[in-house]
Amino acid sequence: MHLNEIISMGGYGLYVWTAYSITLLVFGMNLFTAIREKKRVKKTLRHYFSQTS
Amino acid sequence: MLHWFNQHFISLKAFYATSSALLPWLITAFSLCFAYGLIAGLFFAPADYQQGDGFRIIYVHVPSAFTAMAIYAVMAVSGILTLVFRMKIAAICMSVSASIGAWFTFLALVTGAIWGKPMWGTWWIWDARLTSVLILLFLYFGFIALQSVIPDQQSRDRAGAIMAIVGVINLPIIHYSVIWWNTLHQGPTLSKLAAPSIAPDMLHPLLAMIAAFLFFYAVILLLRMRNQIVLREIKTQWVKEVMSHAS
Amino acid sequence: MNRKQKRKLIAVMCLLVALSIAAGLILYALKQNINLFYTPTELLQATTTPKQTIRLGGYVKKGSIHYDASGTHVHFTVTDRTHDIDVSFDGVLPNLFREGQAVVTTGNLTAEKQFEAHEVLAKHDEKYMPRSLAKDLQKPIVR
Numbered sequence: 001m002h003l004n005e006i007i008s009m010g011g012y013g014l015y016v017w018t019a020y021s022i023t024l025l026v027f028g029m030n031l032f033t034a035i036r037e038k039k040r041v042k043k044t045l046r047h048y049f050s051q052t053s
Numbered sequence: 001m002l003h004w005f006n007q008h009f010i011s012l013k014a015f016y017a018t019s020s021a022l023l024p025w026l027i028t029a030f031s032l033c034f035a036y037g038l039i040a041g042l043f044f045a046p047a048d049y050q051q052g053d054g055f056r057i058i059y060v061h062v063p064s065a066f067t068a069m070a071i072y073a074v075m076a077v078s079g080i081l082t083l084v085f086r087m088k089i090a091a092i093c094m095s096v097s098a099s100i101g102a103w104f105t106f107l108a109l110v111t112g113a114i115w116g117k118p119m120w121g122t123w124w125i126w127d128a129r130l131t132s133v134l135i136l137l138f139l140y141f142g143f144i145a146l147q148s149v150i151p152d153q154q155s156r157d158r159a160g161a162i163m164a165i166v167g168v169i170n171l172p173i174i175h176y177s178v179i180w181w182n183t184l185h186q187g188p189t190l191s192k193l194a195a196p197s198i199a200p201d202m203l204h205p206l207l208a209m210i211a212a213f214l215f216f217y218a219v220i221l222l223l224r225m226r227n228q229i230v231l232r233e234i235k236t237q238w239v240k241e242v243m244s245h246a247s
Numbered sequence: 001m002n003r004k005q006k007r008k009l010i011a012v013m014c015l016l017v018a019l020s021i022a023a024g025l026i027l028y029a030l031k032q033n034i035n036l037f038y039t040p041t042e043l044l045q046a047t048t049t050p051k052q053t054i055r056l057g058g059y060v061k062k063g064s065i066h067y068d069a070s071g072t073h074v075h076f077t078v079t080d081r082t083h084d085i086d087v088s089f090d091g092v093l094p095n096l097f098r099e100g101q102a103v104v105t106t107g108n109l110t111a112e113k114q115f116e117a118h119e120v121l122a123k124h125d126e127k128y129m130p131r132s133l134a135k136d137l138q139k140p141i142v143r
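Heads up: the sequence lines are chains A, B and C, in that order. Going by my numbering, the first residue of the first sequence is number 1, and it counts up by one from there. Going by my numbering, the first residue of the second sequence is number 1, and it counts up by one from there. Going by my numbering, the first residue of the third sequence is number 1, and it counts up by one from there.
Hints in this document: simulated from the structure, not taken from any laboratory. A couple of the hints might just be wrong.
As the list claims (entries may be wrong) - Once the Cα atoms are required to be at most 16 Å apart in a straight line, the calculated EDC-like pairs of lysine to aspartate or glutamate come out as: (1) Lys13(B) - Glu233(B); (2) Lys62(C) - Asp80(C); (3) Lys43(A) - Glu233(B); (4) Lys62(C) - Asp86(C); (5) Lys62(C) - Asp90(C); (6) Lys38(A) - Glu233(B); (7) Lys62(C) - Glu112(C); (8) Lys42(A) - Asp201(B); (9) Lys127(C) - Asp201(B); (10) Lys117(B) - Asp86(C); (11) Lys42(A) - Glu233(B).
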């Protein structure tokens, strides 16, 4: 299998690679959201504990 | 039995501990399935006799559609547990699932459109299958909107639960839409588990990808549930202890 | 499970049953509207006006595809194995368009029962297999 064949995907390359790219993008977005949320929650907690104790 | 569940899953504190033990396993399982499914699906599965290499979109389309529906089923079950048993962990699971489910539904629709254009000749058609999946996306949006406008936690959980339960009626409609009505979308490939209408070396990467998508959902679900758990339990001693250990 | 929980659970189940019945009745009543296309048999029985835009679905009859000299105009027959309707179309055909393949066409039915399509979409089935296997099985691509 040559690189050209892999890219062209029998003429469907644009469709196949776009579909896979969007999938990876959505996975990345979900992971990013979860991690960003964790940071925010930690900040909230730290703030809360500094207020109470 | 119930006691064992409570010890590991139902109480928020226990769930926090269990999930932290489960996460590495889930991440490993996801990585293995995803790596195999991606490589085998893109490069080793043979091209289809009719669609050539274009059929490889199946390895992202079918898993995202399957996961989108599975997540809604999880939400509905969580909704029942929330409503009937007032299980806090179920309420958290339900609201976190909604946004993940919306993403997977979006993915199913977009990859479907990208597949439809070269094969059918159109990005979109208002047939029963495509329309019912679009309704699923709107159900997710509706759930998220509903929960975001209710300030009180308990009413938010209950309203969400009712909406999740009512919307579950859409799942059989999506599944059977291609059987009950004539549509442009083809029938289900995997509904007959005994004899799937797909060749084995094309089937294995598909099953791996479905597993990978479900594991990914589980990973994101647990990560985000943990955030919600510590927020809800902010006033308890155990959260304070966990946080002081962490930092 | 205490009594209150049991009562709630029963209420939830009743809600689901009632919903299913309601949804089932609505969908049954709307059956014709939800169907995407007419089969040739249904279309020949239906009363349509030549100006009405409708969808016709079925299989492309074997040996019925004829291209005009210009190359863009195509004639073919759509069949459900009971009745046939001749279709004429001017435009780009999808990649999967071939003999024996299912198609969904949009257009109008003339008074002479000729279907003039302005869109042809290919419908594929849920079977996937490698080319070698399709050949080995001597499985005709045409059903």
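Evaluation of the provided hints:
no.: 1; hint: Lys13(B) - Glu233(B); verdict: holds, 9 Å
no.: 2; hint: Lys62(C) - Asp80(C); verdict: holds, 12 Å
no.: 3; hint: Lys43(A) - Glu233(B); verdict: holds, 15 Å
no.: 4; hint: Lys62(C) - Asp86(C); verdict: holds, 13 Å
no.: 5; hint: Lys62(C) - Asp90(C); verdict: violated, 20 Å
no.: 6; hint: Lys38(A) - Glu233(B); verdict: holds, 15 Å
no.: 7; hint: Lys62(C) - Glu112(C); verdict: violated, 22 Å
no.: 8; hint: Lys42(A) - Asp201(B); verdict: violated, 46 Å
no.: 9; hint: Lys127(C) - Asp201(B); verdict: holds, 13 Å
no.: 10; hint: Lys117(B) - Asp86(C); verdict: violated, 25 Å
no.: 11; hint: Lys42(A) - Glu233(B); verdict: holds, 13 Å
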